[in-house]
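Q: Sequence:
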Amino acid sequence: LTPKEKEIVAYHEAGHALVGASLKHTDPVHKISIVARGQAGGHTWKLPSEDRHLFSRSYFLDEIAMSLGGYAAEKQVFGDITTGPHSDLERASDLARDLVTRFGMSDVLGPAVFGERRELVFLGKEIGSERNYSEDTARLIDQEMKHLITEAFTRTKEILTKRHNKLEEIAKVLIEKETIEREEFEALVNTEQAQFAEA
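Offset between the sequence shown (1-based) and my numbering: plus 1122.
Treat the hints as calculated values from the structure; they're not laboratory data.
Hints should not be assumed to be uniformly reliable.
Claimed, not checked - Quick list of in silico lysine-lysine cross-link-like pairs, BS3-like style, CA-CA up to 27 Å:
(1) Lys1268 <-> Lys1153
(2) Lys1126 <-> Lys1299
(3) Lys1294 <-> Lys1197
(4) Lys1284 <-> Lys1168
(5) Lys1268 <-> Lys1146
(6) Lys1268 <-> Lys1128
(7) Lys1279 <-> Lys1294
(8) Lys1168 <-> Lys1197
(9) Lys1279 <-> Lys1299
(10) Lys1153 <-> Lys1284
(11) Lys1284 <-> Lys1268
(12) Lys1294 <-> Lys1284
(13) Lys1279 <-> Lys1128
Just so it is clear, the structure is predicted and the values come from calculations on it, not from any experiment.
Kindly produce the complete structure, drawing on both the sequences and the hints.
A: Structure follows, in structure tokens:
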């Protein structure tokens, strides 16, 4: 990474981590790194504090918001966006689509599943889904996905605006050290944490 790219990646990962730490239903941040691996300029690892077999609507909404943390940080700090967040945007879109079409968690579309998934049974892999709903329903699904992502992005931007100084602090530590472990990260964000944590 060039020095400028390193700076962008530092703010990007700091955005993910800070948003995650500010939300109630996300898993704790375990480690943040801006050491490039393959196509990824950096990474924010999370680990659940306990084994989980059921996932709530609140969890998905907070995960979408955290996924958008890097995108929002780049936009806020640099006034521009790179190709860095593309996999984050895919994840946010996939979570929103699953919430709406697979898990019956949409207030608009209600308790129903949309789309038939075809799987290779012997491999346990999904090979695609077949649409079994109308154009009107497809339009509603698109609108609801957009609404969920827009709402999550608004929450993400609010957190990063309120905690901009903390975003700067985390990014500067990352630029200097390239990796922040969980204990150091928690020490960095715990200042005034209760004031900013969302209900």
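Q: Evaluate each hint against the coordinates.
A: Going down the list of hints, with the structure as the test:
no.: 1; hint: Lys1268 <-> Lys1153; result: 30 Å, violated
no.: 2; hint: Lys1126 <-> Lys1299; result: 16 Å, holds
no.: 3; hint: Lys1294 <-> Lys1197; result: 17 Å, holds
no.: 4; hint: Lys1284 <-> Lys1168; result: 23 Å, holds
no.: 5; hint: Lys1268 <-> Lys1146; result: 23 Å, holds
no.: 6; hint: Lys1268 <-> Lys1128; result: 31 Å, violated
no.: 7; hint: Lys1279 <-> Lys1294; result: 20 Å, holds
no.: 8; hint: Lys1168 <-> Lys1197; result: 23 Å, holds
no.: 9; hint: Lys1279 <-> Lys1299; result: 26 Å, holds
no.: 10; hint: Lys1153 <-> Lys1284; result: 23 Å, holds
no.: 11; hint: Lys1284 <-> Lys1268; result: 24 Å, holds
no.: 12; hint: Lys1294 <-> Lys1284; result: 18 Å, holds
no.: 13; hint: Lys1279 <-> Lys1128; result: 22 Å, holds
The structure fails hints 1, 6 (numbered hints given earlier, in ascending order).
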